[in-house]
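Protein chains: 2
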Amino acid sequence: MNFTQRECVILTHDTQTLYQHGTLALLVPGLLAGTQTVGELMHHGDTGIGTLTGLNGELIMRAGHVYQVNADGAVREVDADERVPFANVHFQDDHQVATLTGLDYAALCDQIAAAVGTQNIFYAVRLVGTFAHVQTRAVRGRTTPPFATLAATAATQSIFNAEHVEGTLSGYYSPALYGGATSPGFHLHFLSADRQFGGHVLDAQVGNATLFIQEFSDFQLHLPTTDASFRQEQFDTAQVLRDINQAEH
Amino acid sequence: MNFTQRECVILTHDTQTLYQHGTLALLVPGLLAGTQTVGELMHHGDTGIGTLTGLNGELIMRAGHVYQVNADGAVREVDADERVPFANVHFQDDHQVATLTGLDYAALCDQIAAAVGTQNIFYAVRLVGTFAHVQTRAVRGRTTPPFATLAATAATQSIFNAEHVEGTLSGYYSPALYGGATSPGFHLHFLSADRQFGGHVLDAQVGNATLFIQEFSDFQLHLPTTDASFRQEQFDTAQVLRDINQAEH
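These protein sequence lines map, in sequence, to chains A and B. Throughout the first sequence, residue numbering follows this note's numbering, covering 1452 to 1700 in sequence. Throughout the second sequence, residue numbering follows this note's numbering, covering 1452 to 1700 in sequence.
Keep in mind that the hints were calculated from the coordinates and are not lab data. Any given hint could turn out to be false.
[What the hints assert, rightly or not] Listed next, the stretches of chain A that the computed footprint assigns to chain B, with coverage defined by at least 3 CB atoms under 8 Å from CB atoms of chain B:
hint : stretch
1    : 1502-1508
2    : 1560-1570
3    : 1644-1650
4    : 1665-1671
[Said to hold, decoys possible] Which residues of chain B face chain A? A partial, calculated answer using Cβ under 8 Å:
hint : residue
5    : T1474
6    : N1571
7    : A1632
8    : F1663
9    : I1664
10   : Q1665
11   : E1666
12   : D1669
13   : L1672
14   : H1673
15   : F1681
16   : R1682
17   : Q1683
18   : T1688
[What the hints assert, rightly or not] Residues of chain A placed beyond 10 Å of chain B at every Cβ, according to the derived structure:
hint : residue
19   : T1474
20   : G1524
21   : A1602
22   : G1658
23   : Q1683
24   : N1696
In this text, a Cβ means the ideal position worked out from N, Cα and C, and glycines have one as well.
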């Protein structure tokens, strides 16, 4: 049997794939050049999280719009020609799975994991509602070289707190097996409904919120293969995992 | 700026993506049910390597044909409705990079690595020519449940040797960072020009052969997300990496 029959496919948006530009490992030694434009990235999804060149702030993508929370806590829309060293996007097609009330962050993560019922697949999390408390951070990266390591950049992060805030907590769960390519476990960002507050979630207390989940069959890892610094780097896999756990959790 | 503009894309075959069905970790505890048909798999490439349900033999895909080397050393063509627990395919668009003469296997791997010049990206290897010696193995998996673990199956493998053989050594290089999803480093299979000899390469002595390389920007990991055994498994990441290194190298 021969399987070479060539065929053309009319693609509608693929809602089964989590797309990632970059590998989390490259942030560790500070390979923070923006190697993909936001415009290119958004061909692969309308929803997601990421960061800009130099690890500059926290990105939240929603309904095709890209927002940056910077280290001063300000939120702005990002332009198509800005660049990312690392980001995840997907085309949103999630499903309501639960209403959650009065949970701390650990209990929230437990409830999400229980609702999905497997630790072995990638999925998107979206939690929309009111939060009694949300604590976020935003990193203050240099926007031009030389870039700092992940550990050094994370050490200068800003931390923000909001009480009784309405908004959306969104991001991804990645199985532990793929740590190094990804930040294993939950990686969640927040954006308030009024777009005045957000960042990488460090802690949250759910008031009343609706949980939406989107499971992915495919994880597409897109690497900056033409970037000379990326090609030349000697990654220490064990060190990468230690630094990711330190900086991202 | 809004990036939601919907568009349809006419796809020609994507030669930038290495597609993988399954994750290498699922072989370790013996999750060896065939979760994708060979016909479905071959929509994602015309070239590759893999195994059948139960870890039954070694697959070599070439020009849209799929060959199995079984544990008796026999080679046959595989049908579209047979199934794989794990396989890699891509659409071949490789480039000649070197002519190699008189190398043992370690020197061969060093020469390939030097020709590519980076350890950080996925690429396909194809080496076509004469070999003074090739040693292969083929695993003898059960074709029906209950399936054995990777270690137990590998322990019953058959080993084959051929001298002065013409053929093609083909497969992939995966960066160490993605061990667990993949077998890190080189994962190469062999098929003789007369299709009488092949398998998973354990050793080789190159006579005179031409090296072709195809770098990938994208690694697409497709998981069997509807398989109950896969969803329920509790993977021990450290154990997975130890068992993969034991069985695949």
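Going through the hints against the structure:
1. 1502-1508: violated (count 0)
2. 1560-1570: With 3 residues closer than 8 Å to chain B, the stretch 1560-1570 of chain A meets the three-residue bar; holds.
3. 1644-1650: Violated: only 0 residues of the stretch 1644-1650 of chain A have a Cβ under 8 Å from chain B.
4. 1665-1671: Answer holds; 6 residues pass the 8 Å Cβ test.
5. T1474: It holds, given that the least Cβ distance between T1474 of chain B and chain A is near 7 Å, below 8 Å.
6. N1571: 6 Å, holds
7. A1632: 6 Å, holds
8. F1663: Hint violated; F1663 of chain B Cβ to chain A Cβ min 17 Å, cut 8 Å.
9. I1664: 12 Å, violated
10. Q1665: 12 Å, violated
11. E1666: Holds, because the Cβ-Cβ distance from E1666 of chain B to chain A comes to roughly 6 Å (cut-off 8 Å).
12. D1669: 5 Å, holds
13. L1672: It holds, given that the least Cβ distance between L1672 of chain B and chain A is near 4 Å, below 8 Å.
14. H1673: Because about 5 Å separates H1673 of chain B from the closest Cβ in chain A, which is inside the 8 Å limit, the hint holds.
15. F1681: Result: holds, 6 Å to nearest chain A Cβ.
16. R1682: 4 Å, holds
17. Q1683: Check passed: Cβ of Q1683 of chain B comes within 7 Å of chain A, closer than 8 Å.
18. T1688: At 5 Å from the nearest chain A Cβ, T1688 of chain B passes the 8 Å test, so the hint holds.
19. T1474: 7 Å, violated
20. G1524: Holds, because the least Cβ-Cβ distance between G1524 of chain A and chain B comes to about 22 Å, which exceeds 10 Å.
21. A1602: 18 Å, holds
22. G1658: 30 Å, holds
23. Q1683: At about 7 Å from chain B, Q1683 of chain A fails to clear the 10 Å cut-off, so the statement is violated.
24. N1696: At roughly 13 Å from the nearest Cβ of chain B, N1696 of chain A sits farther out than 10 Å, so the non-interface label holds.
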